[in-house]
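Undergrad: Each protein sequence line maps, in turn, to chains Z and V.
The numbering of the first sequence is our numbering, which starts it at -4 and goes up by one.
The numbering of the second sequence is our numbering, which starts it at -8 and goes up by one.
Watch out, some of these pointers could steer you wrong.
[Claimed, not checked] Only part of the chain Z face toward chain V is listed, based on derived beta-carbon distances under 7 angstroms:
(1) 214
(2) 234
(3) 235
(4) 236
(5) 373
(6) 377
To be clear, the hints were calculated from the coordinates, so they are not data collected in a lab.
Just so you know, even glycine gets a beta-carbon here, dropped at the ideal spot from N, CA and C.
Each chain, written out:
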Amino acid sequence: MLGLKFSDFALFMLVVLCVALAPILLNPFPASSELAQFNAGYPDLLQRFVIFGVFAVGFNILFGLTGYLSFGHAAFLGIGSYAAIWMMKLLTMNVIPAIILSVIVAGVFSLLVGYISLRRSGIYFSILTLAFAEMSYALAYSVLTPITGGETGLQPKLSDPRILDAELSAGESPAANLFGIGMRDSYIVNFGDWVFTFNAGYYIAGLFLLVAFYLSIRIFRSPFGTMLRAVKSNQNRMSYTGLNTKPYTLAAFVISGMYAGLAGGLLVAMDSQVGPERMFWTASGEVVLMTILGGAGTLIGPVLGAGAIKYMENILSKINETVLKGWFEFLPDAASEWVVLFLNMFTGKSWHLTLGLIFMLVVIFLPGGLVEGGQRIARLFGIGKKRNQTVESDSAASK
Amino acid sequence: MSTILSVTDVSKRFGGLQALDVKKFDVTEGTVHGIIGPNGAGKSTFLNCLIGKLIPDTGTVNFNGKSVLGLKPHEINQAGVSRVFQTPEIFSDLTILENVMIPSLAHRDGAFKVNWWPRLDTDSEIRNHAISTLEDIGLADKMHNHAGAMSRGDKRRLEMAMCLSQSPKLLLLDEPTAGMSRADTNATIDLLKGLSKSHGLTKVIIEHDMHVVFSLCDRISVLAQGQIIAEGTPDEIRGNPKVQEAYLGGVEV
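Chain Z with its partners taken away, still in its complex shape (with noise of 0.2 angstroms):
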């Protein structure tokens, strides 16, 4: 089915189903409740999970299948950002020529990067892509102005040339699109108390999160996915196999750049703006949290980091001083203060530390990240196979 083995199938075909309806199954509660503020249905937040899903999954594909960590990854994502503002000033506000160019920009930019990073490995590359990164963030903020934006950034403008785009009448203000579907547009459907909100812009990233994923799932069962398993295993032993490790590891580090340069296209299609933010060293970092949150080398795993990463980053964000202290109000007053404070380190602005914790339990007791925890869960329940005969039905599945 689709040229994979079943298991991958079905793997597929429920992250089809979760995107397809992640705007129903992401506002489970009803828009007047107190719990309304758990609800991620909302398009912004949505379009940041497929987006950072895009991300990374391309950084699995480094990270996960060759070991090789960058810690400068953002950069590609912030280059592919620009490539595709600058397709909308120039060309036409249609996200297509945006995202192809982000993607283009993105991988020629990543060979270059990654055929001098990769002569050294370890956390020598690792200090040598955060080095370039960072490069970049200071000179989008300096001396690259022009063509940056500098400060504060690049958005469309309505002095812009766009020599494709026909004009903009009075009042109107240059919008993101499809062949003319506004990346804004939202069907919005009210079920008794519900209110779901299917956004065009959300599918069309979604679209794009899923032939990402497919196409990493074709890598990882591929030749050439194996080889880059070898990379990580024993890179010695490749050499003396007659293989030649070095255009390996920069065929993924290119393949990696490009995705993040297609999540850079994306996040401006969705909210045309950028700046030089988005390649702080923090932005590399987050995409390094995702991988290992989820499970590195897993197919499913970044997408699920990423979808935690964002979710907290939104959700457990806006729970301040004063709604908790909505929450605790039945207990007495001196109590309830001690409980908000307490609470109050782990939310609001301070989630990071939440974050943190999570990531620490996850990493120690779950090396495997979130899909191990999953596989744990499964097999105390005794639904799906034990470890060692997940292989053998492998096998069995591809005779």
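Once you've looked at the hints, dock chain V against the given chain Z.
TA: Below, chain V without anything else, positioned relative to chain Z:
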């Protein structure tokens, strides 16, 4: 029988130490050639010069009529030389079957190919070839296990299967029985003898253990202080007073 590997005047210095100075070393096609010598004699340096890990300071190394001097390890392997390491080097994170499929792929597709669309597990040519190699060497029943979990003896067999799956013209073995018990050593000798019969490939064995060398090799070269001090059949070597001296001390020959 023609000469498959021909080495002349190969020397290597490490600082002030003349580690290697081999005037002439020829391996005849289809034979098992042993290299013995005491510790520090330059055996491993010599092997590294043959395999591309080290580039000798002077001299020529011709394999199959072509110079392989200065080529990278993967290029020398693509020319038909496989190597077994002193401690087995395998892909521990992968399954045994994948371990053998990788060298088969390298043999078929060359040193680099971005073959990312087809599935590896439906590539019946590579798969069947790998399985039949594993059957030859007696690991086929475990092929879906992780390679890292095997015993040392099995890792050694897997490494040989990986080399054999490439149908090399020359197999280099660096102390294949190092650190093994007498029983494992004998099993390895039997395995290597069996391979000689069925595959007829040329082997160069570097070995410390006289027992292994004398029971396997057709010809033996003795290295001491970087020089070949004797060469001949096992019987000739056994009776050579120079060799006795090199092994028992007093190397001034």
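Undergrad: Sort out which numbered hints this structure fails and list those numbers smallest first.
TA: The structure breaks hints 5 and 6; every other hint is satisfied.
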